[in-house]
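J.: Below are the chains, spelled out letter by letter.
Number of protein chains: 2
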Amino acid sequence: MTKDELISEIKSKRSFLCIGLDTDIEKIPVHLLKSDDPVFEFNRQIIDATHHLCIAYKPNLAFYESLGIKGWQSLSRTIEYLRNNHPEIFTIADAKRGDIGNTSLQYAKAFLDDTNGFGFDAITVAPYMGSDSVKPFLQYSGKWAIILALTSNKGAEDFQFQVLENNAKLFEQVLRTTASWGSSDNTMFVVGATKAPILAEIRKTVPDHFLLVPGIGAQGGSLAEVVHYGLNRDIGLIINASRSVIYAADNEDFADEARKAAEEIQQEMKTFIDKM
Amino acid sequence: MTKDELISEIKSKRSFLCIGLDTDIEKIPVHLLKSDDPVFEFNRQIIDATHHLCIAYKPNLAFYESLGIKGWQSLSRTIEYLRNNHPEIFTIADAKRGDIGNTSLQYAKAFLDDTNGFGFDAITVAPYMGSDSVKPFLQYSGKWAIILALTSNKGAEDFQFQVLENNAKLFEQVLRTTASWGSSDNTMFVVGATKAPILAEIRKTVPDHFLLVPGIGAQGGSLAEVVHYGLNRDIGLIINASRSVIYAADNEDFADEARKAAEEIQQEMKTFIDKM
Chain A
1 MTKDELISEI KSKRSFLCIG LDTDIEKIPV HLLKSDDPVF EFNRQIIDAT HHLCIAYKPN
61 LAFYESLGIK GWQSLSRTIE YLRNNHPEIF TIADAKRGDI GNTSLQYAKA FLDDTNGFGF
121 DAITVAPYMG SDSVKPFLQY SGKWAIILAL TSNKGAEDFQ FQVLENNAKL FEQVLRTTAS
181 WGSSDNTMFV VGATKAPILA EIRKTVPDHF LLVPGIGAQG GSLAEVVHYG LNRDIGLIIN
241 ASRSVIYAAD NEDFADEARK AAEEIQQEMK TFIDKM
Chain B
277 MTKDELISEI KSKRSFLCIG LDTDIEKIPV HLLKSDDPVF EFNRQIIDAT HHLCIAYKPN
337 LAFYESLGIK GWQSLSRTIE YLRNNHPEIF TIADAKRGDI GNTSLQYAKA FLDDTNGFGF
397 DAITVAPYMG SDSVKPFLQY SGKWAIILAL TSNKGAEDFQ FQVLENNAKL FEQVLRTTAS
457 WGSSDNTMFV VGATKAPILA EIRKTVPDHF LLVPGIGAQG GSLAEVVHYG LNRDIGLIIN
517 ASRSVIYAAD NEDFADEARK AAEEIQQEMK TFIDKM
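Chains as they are written, first to last, in our numbering: chain A, 1 to 276; chain B, 277 to 552.
By construction, these hints were calculated from the structure, which means they are not laboratory data. A hint or two may mislead.
As the list claims (entries may be wrong) - 20 Å max Cα-Cα, derived DMTMM-like pairs, lysine to aspartate or glutamate: (1) A:Lys70 to B:Glu356; (2) A:Lys169 to B:Glu433; (3) A:Lys109 to A:Glu80; (4) B:Lys346 to A:Glu257.
Predicted, not measured: the structure shown is a model, and the values here were computed from it.
The task is simple: from the sequences and hints, build the whole structure.
T.: As structure tokens, then:
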């Protein structure tokens with residue numbers, strides 16, 4: 001999906017919400033466990049109930065890998081369902097991959113390739129191993145690398161906030177350096193909502209890039225703050241909510257409750273878009 | 277596998293060789309393609325031919341993920357084959373995972389758990405997201421997190437060599453900080469062989485930890501140099517060779533040629549162990 005297509009979807013749906021499919025077999029409603037593929041069935045019902053309110057879905061790979069081959073099948077069915085029924089949805093593999101060049105090339109194929117892989121629109125990428133670990137993800141036309149810059153967890157303080165000789169913090173250096181490897185047409189950055197005021201500084205460094213912002217909801221970040229500091233003229237934000245939406249209820253009404261939770265966020269987003 | 281058991285294996289086999297199972301369906305001998313599971317069949321024959329010469333195997337996850345569900349099945353069969361036939365072998369999932377705590381927990385389950393996961397002995401872990409992204413991998417008794425410190429690729433220069441305010445390079449800070457999260461009984465570090473002289477400095481920082489050293493062979497690192505700078509009283513080194521061993525030949529003799537390539541490395545390792 002191109003940047004223009006993404007912006008157009010955001011404007012049309014008046015939403016920049018991404019729903020994280022962190023589907024945990026131990027947290028989904030028990031009545032689903034009798035279906036052939038409970039994880040896919042959960043995802044399908046969440047998608048059916050919320051696709052008109054969000055512009056992206058982001059399966060978190062760990063939850064699928066922890067189920068082995070069955071999990072891989074559930075993921076495969078989920079992405080196929082999205083591609084067949086909602087091709088306008090932006091799909092993100094939250095995989096945080098990155099390795100030496102010939103290996104990253106295999107990961108890029110696995111997640112981004114439409115013919116030989118899952119065909120996601122984007123994948124999250126870890127920057128520690130540098131240029132040759134990231135560039136293979138930038139080679140697929142219309143596909144995106146979403147690079148970890150500043151994450152929403154407590155551990156972000158251990159290394160991302162380390163100050164370098166040039167006075168930049170490590171995450172700032174990551175933003176500056178990795179931004180030069182691609183463009184705002186194939187690169188986004190993960191910036192945690194729990195550190196919203198820092199978004200103003202980040203916007204100076206990467207004014208044109210989309211930012212994927214996790215940490216709204218269960219992790220405590222505020223939507224209004226993120227919008228205040230992070231919005232650019234193209235919106236430039238994809239805000240993710242996972243647990244607060246998909247686990248809004250754990251009974252037979254889970255999908256309807258997820259819809260209500262997503263709608264609440266979308267309605268707030270709508271007010272910001274309408275003011276632009 | 278405990279540290280003592282690993283050291284005992286190394287001394288008994290007079291080898292600290294790890295063979296990287298970067299099994300690429302496009303590079304394996306064509307006659308294998310007619311088997312039901314060519315990737316597993318390749319791995320099985322490599323294992324049968326080399327298990328007496330090495331102490332570890334390291335499947336690189338990217339090569340399996342790029343084949344989708346089939347790849348996941350080949351990986352599953354490979355680890356099962358190792359556990360059933362060669363339980364003395366140390367198994368490393370080269371996955372370079374790392375995410376917020378509740379997600380890393382799922383990755384740890386996927387790769388380290390003996391009952392609900394693959395049951396690998398160890399997994400490679402990316403440090404960028406800090407403590408809560410790494411600690412879930414340290415919770416399994418007898419299992420290991422192998423943290424990326426200094427990698428063997430060119431991109432290592434982009435961030436790992438950045439100098440911090442305290443004059444430490446980022447990879448040194450990663451070594452010091454992450455070493456305090458566990459101990460030399462559950463933590464190892466990836467240190468690329470292509471930067472062998474730096475091993476002397478690294479040994480001062482982590483004198484007791486095992487180091488997993490990639491980059492021998494296809495990537496150009498020298499075994500003698502790595503041993504010179506990196507050996508400690510427990511050996512303390514696991515040296516990985518992937519392509520130079522498993523792709524020593526691409527015909528029907530590939531397993532025998534892999535054995536010869538592994539034996540050559542093991543014989544050189546033996547001379548170093550015998551001198552200790």
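J.: Does each hint hold? Answer for all of them.
T.: Tested hints:
no. : hint                 : in the structure
1   : A:Lys70 to B:Glu356  : 17 Å, holds
2   : A:Lys169 to B:Glu433 : 17 Å, holds
3   : A:Lys109 to A:Glu80  : 16 Å, holds
4   : B:Lys346 to A:Glu257 : 36 Å, violated
Hint check: a violation occurs at hint 4 only; the rest are consistent with the structure.
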